[in-house]
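Just need the whole structure built from these sequences, with the hints factored in.
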Amino acid sequence: MNNKEFISELATRVGMTAKDTQSLANALTAEMTAQLEDGNSITIPNFGTFEVRKKLERVMVNPATGQRLLVPPRLTLAFRPAVAMKELVQKGGENTNG
Amino acid sequence: MDKRILQAELATLLAQRADIPIADAEQFTAQFFAVIGSGLLKENLVKTRGLGTFKIIDVSSRSSVNVNTGERYEIASHAKVSFTPEANLRDIINRPFASFETVLLNEGTDIARMEEGLTDDTRLSEDIEVAAAPEPTVTPEPETVSTDNIPTEEPAEGIQPEPIAEEAAPAVEEVTTEVTEEAEATVDAPAEVVAIAEAAPAEAEVTTNETMANDNEPAAPAAIVETSEPVAAETVTSESVAAEGEKKSGCMRTILLCLAACVIFIIGFCAGYFMRPQMEQPIPVKQELETPTKDTIAEAVQASSKQQAPPETLAYPQIEEGDYYIVGIRDTVVAKPGMTLLNIAIKYYRDKDLYIYICKMNGIDNPNHIQPDQQLIIPDLVKKEQD
Numbered sequence: 001m002n003n004k005e006f007i008s009e010l011a012t013r014v015g016m017t018a019k020d021t022q023s024l025a026n027a028l029t030a031e032m033t034a035q036l037e038d039g040n041s042i043t044i045p046n047f048g049t050f051e052v053r054k055k056l057e058r059v060m061v062n063p064a065t066g067q068r069l070l071v072p073p074r075l076t077l078a079f080r081p082a083v084a085m086k087e088l089v090q091k092g093g094e095n096t097n098g
Numbered sequence: 001m002d003k004r005i006l007q008a009e010l011a012t013l014l015a016q017r018a019d020i021p022i023a024d025a026e027q028f029t030a031q032f033f034a035v036i037g038s039g040l041l042k043e044n045l046v047k048t049r050g051l052g053t054f055k056i057i058d059v060s061s062r063s064s065v066n067v068n069t070g071e072r073y074e075i076a077s078h079a080k081v082s083f084t085p086e087a088n089l090r091d092i093i094n095r096p097f098a099s100f101e102t103v104l105l106n107e108g109t110d111i112a113r114m115e116e117g118l119t120d121d122t123r124l125s126e127d128i129e130v131a132a133a134p135e136p137t138v139t140p141e142p143e144t145v146s147t148d149n150i151p152t153e154e155p156a157e158g159i160q161p162e163p164i165a166e167e168a169a170p171a172v173e174e175v176t177t178e179v180t181e182e183a184e185a186t187v188d189a190p191a192e193v194v195a196i197a198e199a200a201p202a203e204a205e206v207t208t209n210e211t212m213a214n215d216n217e218p219a220a221p222a223a224i225v226e227t228s229e230p231v232a233a234e235t236v237t238s239e240s241v242a243a244e245g246e247k248k249s250g251c252m253r254t255i256l257l258c259l260a261a262c263v264i265f266i267i268g269f270c271a272g273y274f275m276r277p278q279m280e281q282p283i284p285v286k287q288e289l290e291t292p293t294k295d296t297i298a299e300a301v302q303a304s305s306k307q308q309a310p311p312e313t314l315a316y317p318q319i320e321e322g323d324y325y326i327v328g329i330r331d332t333v334v335a336k337p338g339m340t341l342l343n344i345a346i347k348y349y350r351d352k353d354l355y356i357y358i359c360k361m362n363g364i365d366n367p368n369h370i371q372p373d374q375q376l377i378i379p380d381l382v383k384k385e386q387d
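Residue numbers (our numbering), protein chains in the order written: chain A, 1 to 98; chain B, 1 to 387.
The set of hints was computed from the structure by calculation and includes no laboratory data. Mixed in with the good hints, there may be bad ones.
Think about it this way: if two alpha-carbon atoms lie no more than 27 Å apart in a straight line, the pair counts; the simulated BS3-like pairs of lysine-lysine are [said to hold, decoys possible]:
hint	chain 1	residue 1	chain 2	residue 2
1	B	K80	A	K19
2	B	K80	A	K91
3	B	K80	B	K42
4	A	K55	B	K47
Below, the structure is given as structure tokens:
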């Protein structure tokens, strides 16, 4: 499901045009981005949690050349699915596999 | 910071941002994530613009060990949700650390010792020689007032420092007799002349200076103590010779007077050289010509006694409590977005703390705020000698 399909699906559910839905979705992601940038985490029940994690700097070795590289510390966005979501995925996975 | 935002809060914030009723925002937010969830279950992949890609990936079964009992057991194959943020979002999140780059560590680099390794300078001695070289080009000498018929060969010889060293030694005795006539220049400050002589690198001048001091004020034995022994012997004899020398021929007199003038001129030049950094005049000789030599000598002594720093450093702004002198310009950098002074300091000095020297050199008050396309001068640093 790409963004276009996602937006059209969402549009039918909320009863808006695709264009309005896209602009509202952009506003929502912008708000989420702003909150995450401030270091806040966002928890959506039955879906999961978005949070910013700190990664420490580390020394990496290029196995091909043996060069040692110092990788700087960075902040990453992580998503942790909720338990309900995990179970759903598990069942869904079994269904699709079986 | 570090707040937990729940769906209801997010909906409220969205309502404010998009200027829609809160109820609509709540419904939209709920549906937004519901669609992602259902789409995931249906197609195992959902891409949303502005957020990223959600995927369900299969994890194959693997064996593991119970750390308490040591028993091996099998972790069954399962599916898990993976989320990859968009590049744009990833960069926004990482913005506080965006300026860091992956650095290649050289062979055998010890990370703990990255701070050392700035070069020490040998430039001081070179610069003094360079400064001494232009001396012959300056012909107007303030001391040559009394002499009328100067042989043209004599100044040519006398101007160069090394010939003086040789000629001065035999001629010292008679030079001193001339000096008594010109004593006004030096009589008032014999101690200062000695101080200059200590600072000045030329040894020949040292001997002449001290004999002058001796002649002008015999009650200053300290000057003799500091001279080497043969010179001291000469100075003892010089007084007797001096009496005879005054009665000798006038032509010898003029030659030696010229020599003395040269010597005094060189002393004055050295004084001017040491004085230069404080006065911030690029050409010390002109300064000297304008002001009486007495004053320049006195000032120079004060300057040289106050500041032990390498003189050429004083042309640049300095940080007194710092460990380094700014002695030149190493490079100029045009600031680009994402650059920080810390990064530049690490790049050039391998020490982020030295950014203060870049600030000082460029007159930056707030090191956290530099403009894109700003020209930054990277100073050349030399470690201060510890006392």
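If you check each hint against the structure, which ones fail? Checked against the structure, the only hint that fails is number 1, while the rest are satisfied.
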